[in-house]
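Visitor: Chain by chain, the residues run as shown.
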Amino acid sequence: MSVATESGATGYRPSRTMPIWAEVRRQASRRRTQLALGFMAVLPLIVLAAFEFGGGEDEESGGAFDSLVGLATSGGLNFALFCLAVSAGFLLVVVVALFCGDTVASEASWGSLRYLLAVPVPRARLLAVKLIVALAYSAVALLVLTGVALIAGTLRYGWNPLGSTVAAEIAPGPGLLRLLAIVGFLAISMLVVAGLSFLLGVLTDAPLGAVGGAVMIWILSSILDQITALGTVRYLLPTHFSDAWMGLLSTPAQVDDLVKGAISAIAYATLCWGVAFWRFTRKDVTS
Amino acid sequence: MSWTSRLRRALPRPTRRRIIAGSATLVLVAGLVGWAVWPERDGWTTQDEMITVVSGPERNENVALDARLYLPRDRDGKVPAVLLAHGFGGTKESVSSDAESLAERGYAVLTYTAQGFGRSGGQIHLNSPDYEVRDAQGLLDWLAARPEIRTDAAGDPRVGVVGGSYGGALALMLAGQDPRVDAIVPSITWNDLTNVFLPQSADTSATGVFKKGWAGVFFGNGGTVPADGAAAPPPTGITIDPACGRFAADVCKAYLDVATTGSPEASTLDLLRRSSPAGTVGQIKAPTLLVQGAVDTLFPLSEADANARSIAATGTPVRVAWFTGGHDGGAGPQSDQDRVKFLTVQWLDHYVKGEGDAPSDSFTYSRVAGFSALDRDLVTNGYSTDAYPGLAGTGRTELELEGPAQPIANPPNGNPGAISSLPGTGGRLSQLLSGVAADIPGQFATFETRPVGSAIDVVGAPAVRLRAASPTGEATLFVKLYDVDESGTPTLSAGLVAPVRLTELPTSVEQAQERTIRLPAIVRRIEAGHTVRVVVATTDQAFLSPVQPATYTVQVASALELPTAVGTPIANPQTIWRYVLAGLLGAIVLGLAVLLLVRRRRARGQHEPTLPEFAQTPLVVRKLRKAYGDGFVAVEEISFTVERGQVVGLLGPNGAGKTTTLRVLMGLTMPTAGDALVFGHRLEPGSPVLSRVGALVEGPGFLPHLTGLENLHAYWKATGRPWADARFDEALEIAGLGDSIHRRTKKYSHGMRQRLAIAQAMLGLPELLVLDEPTDGLDPPQIAEMRRVLKRYATDGRAVLVSSHLLAEVEQTCTHAVVVNKGRIVASGPVEEIVGESPSVQLEVSDVPAAERVLDELGVRSVLPDGPSGLIVDMNGTPRSEVVASLVRAGVAVDRVVPRRRLEDAFLALVGDNSRGSGDR
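Protein chains in written order, with numbering that gives the first Met the number 0: chain A, 0 to 286; chain B, 0 to 920.
Please keep in mind that the hints were generated in silico from the structure rather than gathered at the bench. Don't be surprised by glycine CBs; every beta carbon is placed ideally from N, CA and C. There may be inaccurate statements among the hints.
Stated by the list, open to error - Mimicking DSS-like on lysine-lysine, the simulated pairs with C-alpha atoms at most 30 Å apart in a straight line are:
1. B:K77 / B:K211
2. B:K211 / B:K284
3. B:K352 / A:K282
4. A:K282 / B:K211
5. B:K284 / B:K352
6. B:K340 / A:K259
7. A:K282 / B:K745
8. B:K211 / B:K252
9. B:K745 / B:K716
10. B:K716 / B:K790
11. B:K77 / B:K340
12. B:K745 / B:K622
As the list claims (entries may be wrong) - Non-contacting residues of chain B with respect to chain A, defined by C-beta distances greater than 12 Å in every case (computed):
13. R58
14. D129
15. T506
16. Q510
17. L857
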């Protein structure tokens, strides 16, 4: 590629700009990254403490996770599952939206985005690196939550089979695989949030707008999904299959809904990212 | 600011493109929602009618039946008919959705409320051949007389009979009694009510155990007029007896008899037999599709099995299908409902309508596969075998039960009693998983196998052999088969138990005769590692057990026979989504690959200069124009050149278009027309040649949480260029921040950030440096230093482009200047040339008219007034000293003589007092 050095400065190659590791460190130095990851690590410990010191009185809430609460202290796997279940609806959404929505928008709001583009980091490369790193941080957040919950739960409650009310107990070995599969599905379903927030982050210069917008759309979709009168339209909602991971607790595991959920999430994420790339590679960067 | 203007600012400006895109999205969403919720036009018409039929053993009782005829809306000629009968306690309304879907498929469907129910007259005779069955025959007559209905002969309509439970038995009995019926689809129904209500699972002739739970539910359901009839006045002829409700006297008496004692009189048994298809089922000539539920403690699979065997014995086509549902399990999971619907329609289409191939003999069933999180219900997998295997399966597995003979106590009145099922609650199928089974300590004996080595697919009725001893000579026992998982949780499949009543028992178990107990047929996979537990209990709340307390001894022989079947899985239509997912992923990967290839090819073209003749010229801007999406034109037309060694100043008031021009130079903005060439390469966003340009545009942009040095490092890392090329030391020297370089940039003053930004722009010593208002925020010594730096920088073949709105700055820093106003170039050239001495002078004199006269005499070119005491004079070569001398000589006091320069002339003449920028146009 001797030609490449001819048009650019010495040592400049478009494919070497913005190394992924540099972006990882760029994000790692940020307080919000440290706080978000730290909270993911602390949450299971808070939950554990709540179980330990909380009163013994069970409230009759009748929620969807009732059975999971009852089983949460039965073993490390169940404790991790409980932590995942309570986080999946909102906390994970916020964290993923934060990582993916804020990454481009904050550079724009600081004014550093135009200097990166003037390096020049090719626009598509900039987005790709930002997206990959944001997704990696989201995955790390999910894994930290699971890992800490699993370790803390196992130390406190033991290495016991994975229990649920929908099927018989699953031995610890296969149970761990099921738990990892649940983590995998949650990761896939979070792609919708990642896609929405990333798109909003590219469209706006306000990091809060991107994060909040994505979370709001997620909540709106969840609310619409509760309205059964909408019929088949609900299948198009990005959150419709977000609970499908529970099928993995069944024996044998029920994957049909997971497959549909994965299709929905991947399709939405691809659409959002496609629009984000299309827009960003064409727009005038004025911030 | 009012909230409306805030809102207007917050919202994007409504351009035409946005409006079109927005409305298109809105229309699409509205269309989708509308399409989904729009009610479809019904494909049928209905007609309600009270049909009077002649009923009774003497054919002298007129009964008015509340009926409804569904006719397909688009029908050509006469259509075949389906008589659709409802279940016990229902009315014609309870089958309306089935009727609608059959009518949709081109059948005339007659639904009616059986006598004794709803708004129909008469009494409940429990599918008596003289009453309910005769009523149905009357309905066939009525159908044959309708002009819309196809007939086989006069008075013989082409008709299939479909019904579940009570209606299913009616279908069987009508087909057995009336040869006009062309096909039947009875589901979840009985063969013999004596076996149903007095089941006996042992191979003995003793009367069975009274199934009090279900009998009570049955009897209670016939006691009142259902709610839908309550609003209307009760139909004439309906009398409700407080003890018997709408049951006929003989049926009521039979119930009271058996419910009281548990051992029925002969007349009761006669009545139950008469109300059963068992007697006439052998006469059925109509092809029969039997659908039975595997989760049904009222009419278990054995009832359908008995029907199937009797009908098949005469050579009439019979097909059997089991589904995971029934009187306890409901309609079952969607996959089962779809399968049953498909089989029903296929059966009717061939045998009634005369369309489609003959259905095969294959037997289909389903097994619980797990739990669906979204539907909150069970998921089943469908299987098929080539032929109906009966309850004995196609194979068998024998397991060894272990356990000694055990004494078990029967409590008085069977209370407390074990729970196996909850008759009539219509509970959700999923409850079967959590299990309602509970045994009472002391009342049951346990016999268990070792963990099974490999999974066993049980399909059919398992069998055990039992010996029992009783001090009273009789024993009522309930035998159950539990699937016990590794953690010891037992599951009673479908809540089914085998009630056994043994008589003539010895008092010692050694002397007892071994009896074979046929357990209820189940469909279940016993996973490897599970054990099978057989429990013999003395009580069950669903059954009537003896009043007298007694203690029995029971011993189950070691051999447990499990019938098995290996079915071919029925393709799950859901698996298509897996292919969709694979296809989607494949399409995404393919799309990405194509995109990357196209980009790479395009990137290759960027390496060659667009215009080689400018390859050594740092910057050539040609006829640049930029109009924004909202119609605002920031740059009308700008052309200039920056050569090596030059420091070019882009001079203009605020909003003249300087920043927009620089944005285009940095590849941040696309020009509307014209172009900018850097070393011969046309600038596009991300052009590699931008790496030879260092820039400060629109103020500094730093990561606030990093120190100045970290920011520079982070920036250089992003360039991906060798570390040594950055020349950090030189840049830091220029920044001159001292120790502050180690403080976070969010604590920096404006000037510090500005200097850091200039240092960042100079990292790597780019060949072209573009600085937007570089002295903004700097103090005078720093400005002076900056001028020196920039002048020095432009040596060695490098070039600098500086924008500024300050004339003095450009004049002192630059070698060349380009004056811009309102998006156009006003003047350009070397600074010496345009800054050089102007032929004009600005004078301030004490007497303006006198001065004008003197100046006219001197022969200057022009005199213009400038304020109250000022004059601007074009000297036309006259020395300034001479002008001053002449004025003084003429007695005009001269306060000030200011030589003017060309750039100032140009700048002021064009920008002048009109200091508003192009942004305000």
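Visitor: All the hints need checking, so say for each whether the structure fits it.
Guide: Hint check results:
About 47 Å separates the Cα atoms of K77 (chain B) and K211 (chain B), which puts this hinted pair outside 30 Å; it is violated. The straight-line distance between the Cα atoms of K211 (chain B) and K284 (chain B) is roughly 35 Å, outside the 30 Å bound, and the hint therefore fails. Pair hint K352 (chain B) plus K282 (chain A) does not hold up; C-alpha atoms about 64 Å apart against a cutoff of 30 Å. Distance restraint check for K282 (chain A) and K211 (chain B): the Cα-Cα separation of roughly 77 Å exceeds the 30 Å cut-off, and the hinted pair is therefore not satisfied.
The straight-line distance between the Cα atoms of K284 (chain B) and K352 (chain B) is roughly 17 Å, inside the 30 Å bound, and the hint therefore holds. For the hint pairing K340 (chain B) with K259 (chain A), the CA-to-CA distance comes to about 25 Å; that is within 30 Å, so the pair holds. For the hint linking K282 (chain A) to K745 (chain B), the alpha-carbon distance of about 28 Å falls within 30 Å, and the restraint holds. For the hint pairing K211 (chain B) with K252 (chain B), the CA-to-CA distance comes to about 15 Å; that is within 30 Å, so the pair holds.
Distance check on the hinted pair: K745 (chain B) and K716 (chain B) sit about 21 Å apart at the alpha-carbon level, within 30 Å; holds. With a C-alpha separation of about 28 Å, the suggested pairing of K716 (chain B) with K790 (chain B) holds against the 30 Å cut-off. For the suggested pair K77 (chain B) and K340 (chain B), the alpha carbons sit about 24 Å apart, so the restraint of at most 30 Å is met. About 40 Å separates the Cα atoms of K745 (chain B) and K622 (chain B), which puts this hinted pair outside 30 Å; it is violated.
Listed as a non-interface residue, R58 (chain B) keeps its Cβ farther than 12 Å from every Cβ of chain A; the least gap is roughly 50 Å. The non-interface label for D129 (chain B) is consistent with chain A: the shortest C-beta to C-beta separation is roughly 47 Å, beyond 12 Å. T506 (chain B), annotated as away from the interface, keeps every beta carbon of chain A farther than 12 Å; the closest lies near 41 Å. Taking the minimum C-beta to C-beta distance to chain A, about 41 Å, the non-interface status of Q510 (chain B) holds against the 12 Å cut.
No beta-carbon of chain A is positioned within 12 Å of the beta-carbon of L857 (chain B); the least distance is around 55 Å.
In summary, the structure is inconsistent with hints 1, 2, 3, 4, 12 from the numbered list given earlier, while agreeing with the others.
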